[in-house]
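Enquirer: Chains as they are written, first to last, in the numbering used here: chain A, 1 to 280; chain B, 1 to 518.
Keep in mind that the hints were calculated from the coordinates and are not lab data.
One thing to keep in mind: the hints can contain errors.
[Unchecked claim] Quick list of in silico lysine to any residue cross-link-like pairs, SDA-like style, CA-CA up to 20 Å:
id: 1; chain 1: A; residue 1: K261; chain 2: B; residue 2: E325
id: 2; chain 1: A; residue 1: K251; chain 2: B; residue 2: C407
id: 3; chain 1: A; residue 1: K251; chain 2: B; residue 2: G402
id: 4; chain 1: A; residue 1: K234; chain 2: B; residue 2: N299
id: 5; chain 1: B; residue 1: K61; chain 2: B; residue 2: E33
id: 6; chain 1: A; residue 1: K261; chain 2: B; residue 2: N327
id: 7; chain 1: A; residue 1: K251; chain 2: B; residue 2: T409
id: 8; chain 1: A; residue 1: K261; chain 2: B; residue 2: C407
id: 9; chain 1: A; residue 1: K247; chain 2: B; residue 2: N304
id: 10; chain 1: A; residue 1: K251; chain 2: B; residue 2: N405
id: 11; chain 1: A; residue 1: K234; chain 2: B; residue 2: G302
id: 12; chain 1: B; residue 1: K245; chain 2: A; residue 2: Y42
id: 13; chain 1: A; residue 1: K234; chain 2: B; residue 2: R296
id: 14; chain 1: A; residue 1: K261; chain 2: B; residue 2: N304
id: 15; chain 1: A; residue 1: K82; chain 2: B; residue 2: F266
id: 16; chain 1: A; residue 1: K234; chain 2: B; residue 2: E406
id: 17; chain 1: A; residue 1: K20; chain 2: B; residue 2: T264
id: 18; chain 1: A; residue 1: K234; chain 2: B; residue 2: P301
id: 19; chain 1: A; residue 1: K251; chain 2: B; residue 2: D403
id: 20; chain 1: A; residue 1: K261; chain 2: B; residue 2: G402
id: 21; chain 1: A; residue 1: K234; chain 2: B; residue 2: R458
id: 22; chain 1: A; residue 1: K251; chain 2: B; residue 2: E406
id: 23; chain 1: A; residue 1: K194; chain 2: B; residue 2: E406
id: 24; chain 1: A; residue 1: K234; chain 2: B; residue 2: E303
id: 25; chain 1: A; residue 1: K234; chain 2: B; residue 2: H451
id: 26; chain 1: A; residue 1: K251; chain 2: B; residue 2: G302
id: 27; chain 1: A; residue 1: K247; chain 2: B; residue 2: N299
id: 28; chain 1: A; residue 1: K247; chain 2: B; residue 2: E303
id: 29; chain 1: A; residue 1: K20; chain 2: B; residue 2: V263
id: 30; chain 1: A; residue 1: K261; chain 2: B; residue 2: R328
id: 31; chain 1: A; residue 1: K261; chain 2: B; residue 2: N336
id: 32; chain 1: A; residue 1: K194; chain 2: B; residue 2: N304
id: 33; chain 1: A; residue 1: K234; chain 2: B; residue 2: G469
id: 34; chain 1: A; residue 1: K247; chain 2: B; residue 2: P301
[To be verified] Just so you have them, the derived chain A footprint on chain B, three or more residues with Cβ under 8 Å:
id: 35; segment: 309-316
id: 36; segment: 320-326
id: 37; segment: 403-413
[Stated by the list, open to error] Which chain B residues stay away from chain A? Per the calculated CB distances, all over 10 Å, these:
id: 38; residue: S32
id: 39; residue: L39
id: 40; residue: N73
Glycine residues also receive a C-beta, built at the ideal position from the N, C-alpha and C atoms.
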Amino acid sequence: MCRIVKKQKISEGIFRLDIKSPLIASERAPGQFVIISVDDHYGERIPLTIADADAEKGTVSIIFQAVGKTTCMLAKMNPGDKLACMLGPLGNPTHIENFGHTVCVGGGIGIAPLYPIIQALKKAGNTLTVILGARTSELLILKDEIEAIADKLIICTDDGSEGRKALVTEPLKEVCESDHPDMCVAIGPPVMMKFCADATKPYDVPIIVSLNSIMIDGTGMCGGCRVTVGDETKFVCVDGPEFDGHKVDFKNLIARLNSFKRQEYHSSLECRLQSVKDKG
Amino acid sequence: MQTSIGKRQGIIKILLKELIMDNLESGLNNDSEKCTEILEKIKASNNDLNRKERLSIPLQKMPEQQPEIRARNFNEVTLGYSPEKAVLESARCISCPGKPCVQACPVGIDIPAFLTAAAAGDFKKGISIIKKDNLLPAVCGRVCPQEIQCQSKCTVGKILGDVDESVSIGRIERFLADWERENCPEVPDVKENTGHKVAVVGSGPASLVVAADVRREGHDVTVFEALHKTGGVMTYGIPEFRLPKEIVFNEIDILKKMGVEFVTNFFVGRTRQLLDLLNEDGYDAVFIGEGAGLPRFMNIPGENLVGVFSANEYLTRVNLMRAFEQNRADTPIISNGIAVVVGGGNVAMDAARTALRMGADEVHVVYRRSEDEMPARKEEIHHAKEEGVIFHYLQNVIRCIGDENECLTELECVCYELGEPDSSGRPRPVEKEGSNFTMKAGVMIVAIGNHSNPILARSTPGLKCSDRGNILVDENMKTSLDRVYAAGDTVSGSATVILAMGDGRKAAASINRLFENS
Chain A
1 MCRIVKKQKI SEGIFRLDIK SPLIASERAP GQFVIISVDD HYGERIPLTI ADADAEKGTV
61 SIIFQAVGKT TCMLAKMNPG DKLACMLGPL GNPTHIENFG HTVCVGGGIG IAPLYPIIQA
121 LKKAGNTLTV ILGARTSELL ILKDEIEAIA DKLIICTDDG SEGRKALVTE PLKEVCESDH
181 PDMCVAIGPP VMMKFCADAT KPYDVPIIVS LNSIMIDGTG MCGGCRVTVG DETKFVCVDG
241 PEFDGHKVDF KNLIARLNSF KRQEYHSSLE CRLQSVKDKG
Chain B
1 MQTSIGKRQG IIKILLKELI MDNLESGLNN DSEKCTEILE KIKASNNDLN RKERLSIPLQ
61 KMPEQQPEIR ARNFNEVTLG YSPEKAVLES ARCISCPGKP CVQACPVGID IPAFLTAAAA
121 GDFKKGISII KKDNLLPAVC GRVCPQEIQC QSKCTVGKIL GDVDESVSIG RIERFLADWE
181 RENCPEVPDV KENTGHKVAV VGSGPASLVV AADVRREGHD VTVFEALHKT GGVMTYGIPE
241 FRLPKEIVFN EIDILKKMGV EFVTNFFVGR TRQLLDLLNE DGYDAVFIGE GAGLPRFMNI
301 PGENLVGVFS ANEYLTRVNL MRAFEQNRAD TPIISNGIAV VVGGGNVAMD AARTALRMGA
361 DEVHVVYRRS EDEMPARKEE IHHAKEEGVI FHYLQNVIRC IGDENECLTE LECVCYELGE
421 PDSSGRPRPV EKEGSNFTMK AGVMIVAIGN HSNPILARST PGLKCSDRGN ILVDENMKTS
481 LDRVYAAGDT VSGSATVILA MGDGRKAAAS INRLFENS
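Pulled out of the complex, with its shape left as it was, chain A reads as follows (with noise of 0.2 Å):
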């Protein structure tokens, strides 16, 4: 259980690991997360979204960039190789049904959790324009499999090196002055989600974003995932992950995702440390 079947390295840093896991496999729904660790006794446990799942093989797919210290040794983790812990699926599944359009940003690796969002939502017959976003087309995850499914795909990268020059947030705004869109979903770092609900505001088309928060557990009862949304506290893991992203308080958001920024950034050091030191 918890074996690493299969490992690919999307571009710089992205990789994507399939994971032997049949129950988790054949129970997930879009939208879901599992919570990993990687070592059972000193390891830290982190969410991922479920970024694929194949119910036939039992195997749960991530998509992840190798930012932190977990996330760096999971990078050096190879088929063959067993996860300390894997629980889920958690967090509810995406209410999905035919909004009629729908708009679908996805920026940086948070286009991994949306991928299976969209087919959902296409399998419900919405009408799919889906805008990505990313630093430069290297970083550009998922394009062919969602190019076959989106009715429009619109592709931005900070550099310019692929599609228009600009944020996600500029087609966002053209979409929805045109289209006046049914729903939008928005999948990616914090702050783009935060504009992205901006943006959408102005234009009264609601929108759907997906947190991911610090979590312990997962399972409710730690409460260090809450999250400000209107005037109400709520869990990600229980109430989450997706919320109305015109109540959600971005910038309480964003400084508890860096409540541990100084220790977190010190632990990933020293793991880079040590991967340069074992390249050496």
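Dock chain B against chain A, hints included.
Expert: Using the frame of chain A, we list chain B on its own:
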């Protein structure tokens, strides 16, 4: 730099043990001569003392780490009785006819019987008497609130006019359990396999008791735990210095040897639906002992600032994720600065004392009633004070104030006075107008209890819950669903290990009855 905290703590442990042994050799207590004399007499007469002699034996104090040393380490605070102390303390029991202690024990242990055996030096018999009714004596001897249960009714305490002078039943229970573990660990007998299968949800105290009782009757038992380690609140919640994890895992190892299967990283309600366990996976009954796993917050402004934790989160980071081994654990924690704990229960004491050990500059406990109303065990409050925790009674936090980075810097508090009794029978705290003040804080830990975790109930059609979200059960601990039973905090809201165990035994008996006629 390379010396791990664990290793250093190990060395401290050995040094402390030697100190205590020295103490033992040079005398048992301040009344050492007298104690030696009585000990001789107990041995010579095979524990045949008269009532007067028994009442004259001084209360045997529990050896402890010095407060200033223990406040900075995670080793167990209390060090346990020596065999001599255990014999002497047991001999203080006068075997009064009414056995009020037994009636005050939630699981009805035959206390005078085990004390008599222990006083005669027959520790094996003593522990076997306890184990008839209590399957986790090493745990309960440490964390049970004996002073409001068995020891509160002790006749010796009544005669001597002070409940603190009662026979130290809990300490002797702990001694016997530790003695057995170190000298002659036993795996209980299991009856021939019946072919019935029972799923147990969660691996805390209620679940462990059900697993043991049901397995003993020969039924197959699988325990499903959502976390990566077993033991529930005993592992993630109660700190190492009060309940060493080694003891919890030892109890679980015994269950494994009995043939109980443990599956970790399995969240019933998400990984698999409860009804699927019954209808598709071949389980004949399910026991729910998932605890009360949704922390309550105060609903005050600023409560989501960085630095505000639930006690569950703070304790889980330290205990389960081992943040106290700061050089090795990957899970971070904010450990310096001023920490303020809100609440007055055992969890609040655990959080405060943990914050101290993590290196906080100051630790404050803010409680809205007075010390008399504090629900925490007297011993825990006493230990916390000794270690340097500062208590603020009749005060409460009403607002968390942060800086431009949304990090906690200050707390706005108000003062209270006690008014008329409320529904709990305790005087209601009433806010004093205009008494607002602020105090500095980098960490606030909210320890005001838990709600029931809604996930299992939401995903299980037909499982009835109270308005507060607790699973409803009948007198046999059966839920609204056939073949589904529940006990522990998931039913009661929040209580103690021993109460969870008591109800767990009832549930186990119901499950065993279910199979008797089939």
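Enquirer: So, for every hint listed, does it hold in this structure?
Expert: Outcome of the hint check:
1. K261(A) with E325(B): Answer holds: K261(A) to E325(B) is near 19 Å, not above 20 Å.
2. K251(A) with C407(B): Between K251(A) and C407(B) the Cα gap is close to 12 Å, so the pair holds against 20 Å.
3. K251(A) with G402(B): Holds, because 13 Å separates the two Cα atoms, which is no more than 20 Å.
4. K234(A) with N299(B): Distance of about 11 Å is within 20 Å: holds.
5. K61(B) with E33(B): holds (16 Å)
6. K261(A) with N327(B): Answer holds: K261(A) to N327(B) is near 16 Å, not above 20 Å.
7. K251(A) with T409(B): holds (17 Å)
8. K261(A) with C407(B): Measuring from Cα to Cα gives roughly 12 Å; hence the hint holds.
9. K247(A) with N304(B): Roughly 15 Å separates the two Cα atoms, so the pair holds.
10. K251(A) with N405(B): At roughly 9 Å apart (the allowed maximum being 20 Å), N405(B) and K251(A) satisfy the hint.
11. K234(A) with G302(B): Holds, at roughly 14 Å.
12. K245(B) with Y42(A): Measuring from Cα to Cα gives roughly 15 Å; hence the hint holds.
13. K234(A) with R296(B): Within the cut-off at roughly 12 Å; holds.
14. K261(A) with N304(B): holds (17 Å)
15. K82(A) with F266(B): holds (17 Å)
16. K234(A) with E406(B): Roughly 18 Å between the alpha carbons, so the hint for K234(A) and E406(B) holds.
17. K20(A) with T264(B): This hinted pair holds, its Cα atoms lying about 16 Å apart.
18. K234(A) with P301(B): holds (14 Å)
19. K251(A) with D403(B): holds (13 Å)
20. K261(A) with G402(B): holds (17 Å)
21. K234(A) with R458(B): holds (16 Å)
22. K251(A) with E406(B): At roughly 8 Å apart (the allowed maximum being 20 Å), E406(B) and K251(A) satisfy the hint.
23. K194(A) with E406(B): holds (17 Å)
24. K234(A) with E303(B): Holds, at about 12 Å.
25. K234(A) with H451(B): holds (14 Å)
26. K251(A) with G302(B): Answer holds: K251(A) to G302(B) is near 13 Å, not above 20 Å.
27. K247(A) with N299(B): holds (18 Å)
28. K247(A) with E303(B): holds (17 Å)
29. K20(A) with V263(B): With a Cα-Cα distance of about 16 Å, the restraint between K20(A) and V263(B) holds, given a limit of 20 Å.
30. K261(A) with R328(B): Within the cut-off at roughly 17 Å; holds.
31. K261(A) with N336(B): Roughly 15 Å separates the two Cα atoms, so the pair holds.
32. K194(A) with N304(B): The given pair, whose Cα atoms are some 18 Å apart, holds under the 20 Å limit.
33. K234(A) with G469(B): holds (17 Å)
34. K247(A) with P301(B): holds (17 Å)
35. 309-316: holds (count 5)
36. 320-326: Result for this restraint: holds, n = 4.
37. 403-413: It holds: at least three residues are needed, and the segment 403-413 of chain B offers 3 whose Cβ sits within less than 8 Å of chain A.
38. S32: holds (43 Å)
39. L39: holds (43 Å)
40. N73: holds (19 Å)
Consistency with the previously given hints is maintained throughout, with no hint failing.
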